[in-house]
Amino acid sequence: MMCLTCNRFLYHPWGIFSRWIRDDGSQLMVSLTHAFPVDDTWLPIVLPGEYVMRRRQSPHFGLVWEICDVPGHTDILVHGGNFNLDSKGCELAGEDVAMGDDPRTKGPDEMVTNSKAALRKFMDETIGEDVLHLTVNG
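Using numbering that gives the first Met the number 0, read the sequence shown as starting at 0 and increasing by one per residue.
It is possible that part of the hints are untrue.
[Said to hold, decoys possible] The calculated DSSO-like cross-link candidates involving lysine-lysine, where the alpha carbons are at most 30 Å apart (straight line), are: (1) LYS87 x LYS120; (2) LYS87 x LYS105; (3) LYS105 x LYS115; (4) LYS87 x LYS115.
If you're looking for bench data, these hints aren't it; they were derived computationally from the structure.
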């Protein structure tokens, strides 16, 4: 079973950013997930811990990976998207973090870049896997 580590490194109201690391220590991708206000901070739905990921067919996104057994939540997917508002708690795949203009917020926001390419790379690298192990830190 392939093991991945998701290291959270940037918490903002406009999103929480992570680096996804392979077993060999190399970076597979970055991700962005929606930031939810909790007390005086911003938190993701997927908190630090150990998770199983399973491949599944999404009616909206097609073949994707789901992060399973997230307390209180279902349908936490890794899919395409660039900005905080593209996620309702899912992880948006990207190649890098950059500033971009999201017309919904009318201002520059940090975003993930080349989401479709990063998601395709993630899906290609996990061909033949049915289950992944994910460790979330930070």
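Hints versus structure:
1. LYS87 x LYS120: holds (23 Å)
2. LYS87 x LYS105: Holds, at roughly 19 Å.
3. LYS105 x LYS115: holds (23 Å)
4. LYS87 x LYS115: The given pair, whose Cα atoms are some 18 Å apart, holds under the 30 Å limit.
The structure agrees with every numbered hint stated previously.
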